[in-house]
Every structure is written in structure tokens, then in C-alpha cells.
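Residues per chain, in single letters:
Protein chains: 2
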Amino acid sequence: MLVGLGLGPGNPELLTLRAVRLLKEADTVFVPGRIAKDLVAPYRESVVLDFPMTDDEAKIRSCMKENAKKIAPVAEKGLAVFGILGDPNFFSTFSRLCAVIEETHPGIEFRTEPGISSITAFASAAGVPVNEGFTVSDGTISDTKILLKVRKPKEKAASLAGEGYREFVLVERMFFDDMKVYRNAELPEKSDYMSVMYARK
Amino acid sequence: MLVGLGLGPGNPELLTLRAVRLLKEADTVFVPGRIAKDLVAPYRESVVLDFPMTDDEAKIRSCMKENAKKIAPVAEKGLAVFGILGDPNFFSTFSRLCAVIEETHPGIEFRTEPGISSITAFASAAGVPVNEGFTVSDGTISDTKILLKVRKPKEKAASLAGEGYREFVLVERMFFDDMKVYRNAELPEKSDYMSVMYARK
Chain A
829 MLVGLGLGPG NPELLTLRAV RLLKEADTVF VPGRIAKDLV APYRESVVLD
879 FPMTDDEAKI RSCMKENAKK IAPVAEKGLA VFGILGDPNF FSTFSRLCAV
929 IEETHPGIEF RTEPGISSIT AFASAAGVPV NEGFTVSDGT ISDTKILLKV
979 RKPKEKAASL AGEGYREFVL VERMFFDDMK VYRNAELPEK SDYMSVMYAR
1029 K
Chain B
829 MLVGLGLGPG NPELLTLRAV RLLKEADTVF VPGRIAKDLV APYRESVVLD
879 FPMTDDEAKI RSCMKENAKK IAPVAEKGLA VFGILGDPNF FSTFSRLCAV
929 IEETHPGIEF RTEPGISSIT AFASAAGVPV NEGFTVSDGT ISDTKILLKV
979 RKPKEKAASL AGEGYREFVL VERMFFDDMK VYRNAELPEK SDYMSVMYAR
1029 K
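Chains A and B supply the protein sequences, listed in that same order.
Using the working numbering, the first residue of the first sequence is number 829, and each one after it goes up by one.
Using the working numbering, the first residue of the second sequence is number 829, and each one after it goes up by one.
Possibly wrong hints are sitting among the right ones.
Any copy, or any two copies together, can satisfy a pair, since identical chains are not distinguished.
[Claimed, not checked] Straight-line alpha carbon distances no greater than 27 Å define the calculated DSS-like cross-link-like pairs of lysine-lysine that follow:
1. 852 to 977
2. 1029 to 977
3. 1029 to 1018
4. 905 to 982
5. 977 to 1008
It is worth saying that the hints were derived from the structure and are not from the lab.
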């Protein structure tokens, strides 16, 4: 099992209790650099992997393969944890790394654990409340929607399909014991006020 | 001092270490309902405040005033913590509550501490990586932008001003000891790769 673990925006106190537990339970903890290594240090030694800051696709791929070679043997036998600043699902190389590992070492299970993302943490840092819809931009085009307070997911998806959206996920009772995840054709007619829906073109 | 404290999406292990510390240090912990009360229970007794699920503006305001009366005396003398599901800055009643407290008890200091928001946590729950810009919608209009990887904040703000944006905040080195927050005319020419910029119409 390989877990992509969110370490939060950089402050040692902003790790979750789960992050601390997984760092202690892991067979090996991998990190992408010094800041993550420092956050992990109170709980564990960690192995720093090389993730080059470059646009050179061949170099990125070759580094990913080297990293896969180090992580896969641990993940095949036990628990490999890859500690990442912020949240492992947003603008992160974790999903890319998993794809490379899957090519060379099929059958390894992947999971992520959330961390406080800088996308939302800035609001506490700056004292800026956000009480309306918003866009997040890193300069790339935006084909992704995150929808809150969707009461009629099936109807909403049908309407978004007309705008070119074709991938839909609904999470109900998130992180509770009775959490449910629905995809595409499985979307229910009605959902809880607290559900979050994802749509992508 | 009144701290709006993010308790995360509902799982007891997704509290931060800071949340646990502040819950223990608080003179009184207030919560908006049973789910938050249960998350707080391992560390502290808490006082449940009444936040009605209604669109009746007069009723909301009268409840806010009642809550202000309970919180203000604690916050004036010591540390009042208000524990909120998710993050206290997103679609939260905390900023509204602060405004009401300020009217009746001026001089009380406010602060928020981030929690894992359901807006980002859904991605771990659903196994959906988000590696491009996205929009977040709760049905309201969206006059807010969160910009990542802005290298030239002053230039970017000038260009957004042309689209009607008029409020700008930049957070550099977020949650590190040397964090800097720049507002409007203070925006620097250049900023760090990891900065987050906020813009609102």
C-alpha cells in the first residue's frame, strides 16, 4: 500500500492526528524535499526523493521511474507513506507518480489522506472569509467544477452534460463511517445538504 | 480573543495538532451543533450554540445576538474558541458572528485557524486528483478568484482591475515564521512560486 499523505501548508502544528499516526506506522516514509523532511522529522526518519523543478518531460519521467523503484518494494510488502506539502490531490505530483508505479509494479494499492491545502489555508493566514462561489487558477484552463449544496445530483449532472461535462462524482457523508461515493450513472436523484459533487469535461 | 477553529470534515483523526492544543487551552469552547460537539468531546466539554437552519433573516440575526452575548464575556477576558466543521473561512457563519460581536462588544480580537475543508477533502475521499484550475460553486455568483503560482502580483492585479476586481491580498511563505501578507497598494512586483493571491470584485 502506498499512501499519499498531506502534511499541510508547512507549519508543524498543522499536521492532522492521522498524519502523525501514519508517519509512525509506516515502514518507510518518503518526502519530496527538505521542508517536508523537517515536518516529518519529529516522528520519523524519511527518505528524500528527487523531483526536479523542470519542464523537461524526459527528465521528469526518468526521475519518476527512479522514485518508483525505491517506493514500490516497500509498498508491495507493507506501508509506504509519501508525505507531501498541502493536500496530495491538488496540483500534486502524487497521481503522476502512482501512474508510473502502476506501469512497472502493477497491483500496488494507492490511497491519499487529506492535508490542509494552501488553496484554503490562505484565508486564515490573510483573514479573508470566502462566502460565495470562487475560481482557483494556476494559469491552466479550468475544466473542473466542485459543487456544494447539490440537492439533486442526477438532474445537475444531466444539465452539466449539456455544457460538455462528462465525468461526475458525488461524495455523501464525507469521512463519516457511512460515507458513500457515487460515480456517473450511479448518481442518486437526491442527496444530503453536505454532499460535494465533482464534475469534469 | 475569539478563535474560529477548523475541526475538519468530521473524522476525529482529521483534527490538526493545533486544534487539539487550542481546544485544551481555551477558557470555553463553543460549537454550532452535535457533530462538532462529538469531535471536541475527547479534549473538552463544549457549549452548543443555536444556529437555526433558516432563511428568516430576523431569526438569524436574533440568534447571532444571543450567541454573541454568550461568547463575548469569555473572549474579553481570555480565550474563547468556536469549533467549526471544515475550515472557518469558507461558507461559514463565523465572519458573520464576528461582525455581530463587534457591534455589541467592540475591541474583541478575532482570529481563525484552518481546518481541512470539504472543498478539498472530497478529492481524497473520492480518489479524484485535481491538477488544473477549477471553479467552486454553491449556486451563488462568483466574484472571487484564488490565484496560484503568481510571479508578478502587481502586474496581475492591474490586469484584474480591468475586469472589475478591486480587492487584492497576497500571502507569501504561508504559515512559516516569515509569512508576509500584502494588501492592495502594498502588492510587490515579484513573489515566490508558493504564494497565493486573492482577488475580489
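Tested hints:
In the homo-oligomer, the alpha carbons of residue 852 and residue 977 never lie at most 27 Å apart, since the shortest distance is 37 Å inside one protomer and 33 Å across protomers. For the identical chains of this complex, residue 1029 and residue 977 are neighbours both inside a copy (20 Å) and across copies (23 Å), given an alpha-carbon limit of 27 Å. Proximity of residue 1029 to residue 1018 under the C-alpha cut-off of 27 Å is restricted to the intra-copy arrangement: shortest distance 23 Å within a copy versus 33 Å between copies. Taking CA atoms no more than 27 Å apart as the test, residue 905 paired with residue 982 passes in neither setting, with 41 Å inside one copy and 51 Å between copies.
For the homomeric pair residue 977 and residue 1008, the shortest alpha-carbon distance inside one copy (16 Å) is at most 27 Å, but the shortest distance between copies (34 Å) is not.
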